[in-house]
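Novice: If you want the building blocks of each chain, they are given just below.
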Amino acid sequence: MLVWSRSGRMLIWAAFALVFGVLFLAPLAVILLSSLADQWNGVLPSGLTFEHYTDVAQGAAWKAVKASLITGFLASALALVSGTWAALALRIQDATLARVLGVLFFIPSAVPSVSVGLGLLVAFSHPPLLLNGTIAIVMVAHFVLISAFTFGNVSAGLARLSPDFEQVASSLGARPAYRLWHVTLPLLAPYLVAAFGLSFALSMGELGATVMVYPPGWVTLPVSIFSLTDRGDVFAGAALTIILVAATLVLLLGLERLAGRQTR
Amino acid sequence: MSVPAFTGSNVMDVDAAKIRGAGSNVHFDKVSVAYGAHVVLHPLTLDIAPGEILAMIGPSGSGKTTALRAVAGFVRPASGRIRIGATDVTDLPPYERGLGMVVQNYALFPHMRVEDNVAFGLRAQGADKALIGERVKDSLATVGMSGFSKRYPRELSGGQQQRVAIARALAVRPRVLLLDEPLSALDAQIRRNMVEEIAKLHRDLPGLTILYVTHDQTEALTLADKIAIMRDGRVSSHGPTTELYRRPPNRFTAEFLGRANLLPVTVAEGAAGPKGLAKAKLGDAVLAGAGRSEKPGDRTLLCIRPQHLSLTGDEEHTNRIVGTLKEVHWQGELTHLVLDVDGTPVRVSATRLPVSLPERGSAMPLFFTPGDTSLVPEDVRG
Amino acid sequence: MADAAVLPATPAARRAPGRFWIVPPAALLALLFFYPLALIVQQAFLDDSGMANVAEFVRVLHARFFLNALINTITISVAATAGCLIVGLVLGLILAFVPFPGSGVIARLIDTFIALPTFLVTLAFTFIYGSAGMLNAGLMEVFSLQAPPVDFLYSTWGVVLAEVTVYSPFVLRPLLAAFSLVDRGQIEAASVLGARPFRIVRQVILPAAVPALIAGGSLCLLLTVNEFGIVLFIGAKGVITLPLLIYSKAIQESAYQVACIIAVINIALSLGLFGLYRFAAGRLGV
Ligand SMILES: Nc1ncnc2c1ncn2[C@@H]1O[C@H](COP(=O)(O)OP(=O)(O)O)[C@@H](O)[C@H]1O
Ligand SMILES: [Mg+2]
Numbered sequence: 001m002l003v004w005s006r007s008g009r010m011l012i013w014a015a016f017a018l019v020f021g022v023l024f025l026a027p028l029a030v031i032l033l034s035s036l037a038d039q040w041n042g043v044l045p046s047g048l049t050f051e052h053y054t055d056v057a058q059g060a061a062w063k064a065v066k067a068s069l070i071t072g073f074l075a076s077a078l079a080l081v082s083g084t085w086a087a088l089a090l091r092i093q094d095a096t097l098a099r100v101l102g103v104l105f106f107i108p109s110a111v112p113s114v115s116v117g118l119g120l121l122v123a124f125s126h127p128p129l130l131l132n133g134t135i136a137i138v139m140v141a142h143f144v145l146i147s148a149f150t151f152g153n154v155s156a157g158l159a160r161l162s163p164d165f166e167q168v169a170s171s172l173g174a175r176p177a178y179r180l181w182h183v184t185l186p187l188l189a190p191y192l193v194a195a196f197g198l199s200f201a202l203s204m205g206e207l208g209a210t211v212m213v214y215p216p217g218w219v220t221l222p223v224s225i226f227s228l229t230d231r232g233d234v235f236a237g238a239a240l241t242i243i244l245v246a247a248t249l250v251l252l253l254g255l256e257r258l259a260g261r262q263t264r
Numbered sequence: 001m002s003v004p005a006f007t008g009s010n011v012m013d014v015d016a017a018k019i020r021g022a023g024s025n026v027h028f029d030k031v032s033v034a035y036g037a038h039v040v041l042h043p044l045t046l047d048i049a050p051g052e053i054l055a056m057i058g059p060s061g062s063g064k065t066t067a068l069r070a071v072a073g074f075v076r077p078a079s080g081r082i083r084i085g086a087t088d089v090t091d092l093p094p095y096e097r098g099l100g101m102v103v104q105n106y107a108l109f110p111h112m113r114v115e116d117n118v119a120f121g122l123r124a125q126g127a128d129k130a131l132i133g134e135r136v137k138d139s140l141a142t143v144g145m146s147g148f149s150k151r152y153p154r155e156l157s158g159g160q161q162q163r164v165a166i167a168r169a170l171a172v173r174p175r176v177l178l179l180d181e182p183l184s185a186l187d188a189q190i191r192r193n194m195v196e197e198i199a200k201l202h203r204d205l206p207g208l209t210i211l212y213v214t215h216d217q218t219e220a221l222t223l224a225d226k227i228a229i230m231r232d233g234r235v236s237s238h239g240p241t242t243e244l245y246r247r248p249p250n251r252f253t254a255e256f257l258g259r260a261n262l263l264p265v266t267v268a269e270g271a272a273g274p275k276g277l278a279k280a281k282l283g284d285a286v287l288a289g290a291g292r293s294e295k296p297g298d299r300t301l302l303c304i305r306p307q308h309l310s311l312t313g314d315e316e317h318t319n320r321i322v323g324t325l326k327e328v329h330w331q332g333e334l335t336h337l338v339l340d341v342d343g344t345p346v347r348v349s350a351t352r353l354p355v356s357l358p359e360r361g362s363a364m365p366l367f368f369t370p371g372d373t374s375l376v377p378e379d380v381r382g
Numbered sequence: 001m002a003d004a005a006v007l008p009a010t011p012a013a014r015r016a017p018g019r020f021w022i023v024p025p026a027a028l029l030a031l032l033f034f035y036p037l038a039l040i041v042q043q044a045f046l047d048d049s050g051m052a053n054v055a056e057f058v059r060v061l062h063a064r065f066f067l068n069a070l071i072n073t074i075t076i077s078v079a080a081t082a083g084c085l086i087v088g089l090v091l092g093l094i095l096a097f098v099p100f101p102g103s104g105v106i107a108r109l110i111d112t113f114i115a116l117p118t119f120l121v122t123l124a125f126t127f128i129y130g131s132a133g134m135l136n137a138g139l140m141e142v143f144s145l146q147a148p149p150v151d152f153l154y155s156t157w158g159v160v161l162a163e164v165t166v167y168s169p170f171v172l173r174p175l176l177a178a179f180s181l182v183d184r185g186q187i188e189a190a191s192v193l194g195a196r197p198f199r200i201v202r203q204v205i206l207p208a209a210v211p212a213l214i215a216g217g218s219l220c221l222l223l224t225v226n227e228f229g230i231v232l233f234i235g236a237k238g239v240i241t242l243p244l245l246i247y248s249k250a251i252q253e254s255a256y257q258v259a260c261i262i263a264v265i266n267i268a269l270s271l272g273l274f275g276l277y278r279f280a281a282g283r284l285g286v
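Residue numbers (my numbering), protein chains in the order written: chain A, 1 to 264; chain B, 1 to 382; chain C, 1 to 286.
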């Protein structure tokens with residue numbers, strides 16, 4: 001509607017295709033291609049193979065996928081509970097305190113992930129709070145980093161929820177707990193699912209804090225991708241990256257369908 | 001916290017007929033509400049009798065919703081008490097007040113089917129299954145929505161959603177039904193139908209006490225037994241509907257409830273006779289109208305509704321004024337005329353016109369019956 | 001209870017009893033986040049014997065490696081943010097105002113980049129722009145060169161390009177939301193009156209986009225200052241940023257106090273940018 005001439009529009013679309021292609025499409029395509037590449041010394045690989053996938057499948061891949069999925073699931077679930085709890089509890093605080101606490105709950109998202117990892121190492125390396133060297137410290141790191149996103153998503157959902165629903169429920173005789181379970185939470189469900197999906201995706205890709213705190217034997221996908229490429233095994237790294245992307249997308253799409261059904 | 005007796009009796013009250021006899025009165029006792037330093041409801045004292053429909057009407061921001069929400073328990077009065085029946089509910093949470101509430105955008109729970117929406121209150125109060133099933137059927141039948149129980153709210157039209165919202169409120173057998181602008185989200189045509197349906201609902205459930213908040217005078221005039229007119233957080237006037245319309249106690253009421261011509265007059269003779277007619281002078285004309293306690297010499301207003309002005313005179317229409325014809329708007333059933341009477345624009349709604357209408361700018365007489373007019377004091381505020 | 005005017009009309013449902021529900025999540029966050037954060041600050045200012053000591057702090061502040069990392073971090077962050085704003089604006093304008101079949105799908109695709117790990121782009125870039133990558137191989141073949149001609153990837157600019165790819169969706173998202181509110185009728189009226197597209201963009205569209213640009217831009221500043229994966233994966237010797245420095249001091253050199261000192265500065269910088277973002281987003285209602 002802004003550009004009326006056909007040639008002008010074509011020109012603009014060509015520019016769009018160039019930027020989009022170079023910045024967004026090329027990286028994905030190249031990662032996919034390299035995960036399947038036999039040898040790659042020229043402009044294009046010399047041949048295609050599934051070898052890298054079978055290699056990583058025999059190697060650390062499944063352990064890494066498992067570690068990432070379990071970490072992502074537990075950290076996201078905990079973040080969902082705590083973020084929803086915090087967002088709901090903040091509504092019954094007085095306004096000033098709610099504002100201050102609201103900012104505090106957001107701060108973890110602003111701090112560099114490496115520092116979060118460093119802080120956990122400093123704080124939890126001695127008894128009685130000895131987490132260093134355990135799987136739990138990875139979960140804690142992921143939980144801290146994603147908690148702000150769940151909190152933010154749920155708060156946004158609550159802000160958009162018309163107070164009428166809850167008030168009508170109360171006036172009909174629903175006590176707070178009944179109202180929460182049968183009205184507020186079901187109405188928030190799409191936001192809860194979205195929050196869970198986003199946190200899960202963030203956790204799957206988390207590197208900075210994980211690389212600081214992970215114990216041997218709990219190597220997540222990003223960490224094993226880094227060690228593969230650091231060793232020069234870039235094709236295997238690419239294959240594992242594709243597995244990571246696929247797992248993340250399957251998860252997000254699945255959750256999106258779930259959310260769609262909820263709000264249908 | 002212990003469950004007050006009425007919550008239990010609400011649920012236990014299997015006899016659907018009971019509601020037809022037993023509504024509760026609502027009593028506002030000097031209830032005031034403030035947001036910070038901003039007083040939005042000045043000490044309000046008001047009674048709604050059992051089985052009465054009280055329409056609270058007034059311009060936007062006048063405090064109607066605030067008063068309704070004080071009854072529902074969503075705003076805490078800064079002072080004063082609210083009683084429903086024999087219970088002082090001022091300190092009770094909303095869920096222990098035994099009310100039904102319907103809001104402007106219905107607020108049907110989108111994730112529940114119609115029947116679950118209607119059953120919500122009873123389930124929340126822990127009623128038994130058989131009772132719930134019966135009440136849901138009953139309530140849906142009352143609003144004519146029996147065929148829709150399996151639908152989701154989004155599959156219903158606005159008017160249908162509003163009926164379900166009313167059924168949901170009725171299912172708990174509320175002691176008082178609170179309606180906050182229930183029809184203002186609907187189209188004009190559907191709104192007219194719904195007004196009639198609510199009137200019918202009240203004929204079927206004559207014991208139900210209703211607080212009906214609206215800014216629409218037609219809804220109020222059609223439905224209400226009594227009307228309270230709100231202005232700037234205060235009750236400007238309160239009384240039986242016909243009474244308020246016929247004999248508005250002040251200018252604001254006269255203008256807000258229906259359309260009114262208000263002519264500045266000087267009282268010549270105080271109210272007298274069986275009809276309580278007073279005499280007042282407008283220029284040279286001496287006019288008679290229902291008076292209160294005006295004394296000769298008082299300056300006041302003579303209120304005449306546009307439909308009470310006639311273009312032809314006979315024995316009944318003994319009052320007569322003369323004005324200059326300014327505008328004529330023909331609207332099919334009615335013709336609206338605007339005349340200038342001593343500098344005051346006067347509106348006339350005429351069903352029948354004389355054979356020939358004088359030209360614009362020329363003088364013409366208007367006739368009206370003394371019984372149709374009343375003297376209204378000018379508002380004593382800025 | 002006498003004076004009606006001074007008492008607040010607290011909604012009854014929001015009165016007292018629920019106040020303490022906030023304690024469990026707040027306590028959890030305090031233990032797992034704010035307590036470690038406090039320890040970092042404490043470590044930064046205590047020497048081995050546990051005495052308060054700023055000497056080490058001052059020393060690190062003046063060290064070459066620290067200053068380099070600080071300058072790198074800020075340069076990369078500012079340049080990448082500028083890039084994100086330009087890319088986001090261009091893509092957003094086209095997607096919103098010169099749409100094509102499938103532009104909705106493309107917009108969503110770009111949006112999913114937010115959910116993907118940041119190092120993915122770096123890894124891809126090494127295949128494209130790396131010394132043995134597609135571009136260099138192609139150029140060497142066509143022009144019969146002996147050495148790879150393109151080597152920006154292992155410089156600051158490689159990091160900047162990768163960050164632009166990763167973070168421009170954060171500008172695009174609020175921008176598209178803002179554009180969807182622009183009155184189409186106004187644009188059509190302006191073009192009927194003969195206004196050129198650039199004029200319409202400047203006078204009608206851009207003013208509506210300013211809040212989104214400011215919010216998106218300050219978010220980009222924050223995220224690029226904190227970025228770790230991209231820099232780690234490029235692994236260029238000369239491109240060390242503050243987060244990378246914290247990692248290498250703590251994990252590779254076990255110099256925890258130095259790591260804590262750098263972390264304190266990094267966190268202070270981030271929180272400052274976070275404040276800017278909140279201020280911008282709050283002021284502009286994004
Ligand atoms: N939550 C609130 N905070 C502050 N002021 C409010 C709040 N709710 C209503 N008000 C004010 O109270 C006054 C009365 O509002 P309301 O009762 O909703 O009026 P009505 O329903 O008659 O339109 C208005 O001036 C409104 O601005
Ligand atoms: Mg209102």
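Note that these hints are calculated values from the structure, not bench results. The reader is advised that the hints may include incorrect statements.
To be verified - Computed footprint of chain A on chain C, listed as stretches where at least three residues anywhere in the stretch have a Cβ under 8 Å from a Cβ of chain A:
id, region
1, 24-37
2, 50-59
3, 173-183
4, 196-204
Note that the structure is predicted; figures quoted are calculated from it, not measured. Note that the Cβ used here is the ideal one computed from N, Cα and C, for glycine as well.
Novice: Look at each hint and say if it fits the structure.
Specialist: Hint check:
1. 24-37: holds (count 11)
2. 50-59: Answer violated; 0 residues pass the 8 Å Cβ test.
3. 173-183: violated (count 0)
4. 196-204: holds (count 3)
In this structure, the hints that do not hold are numbers 2, 3, in rising order.
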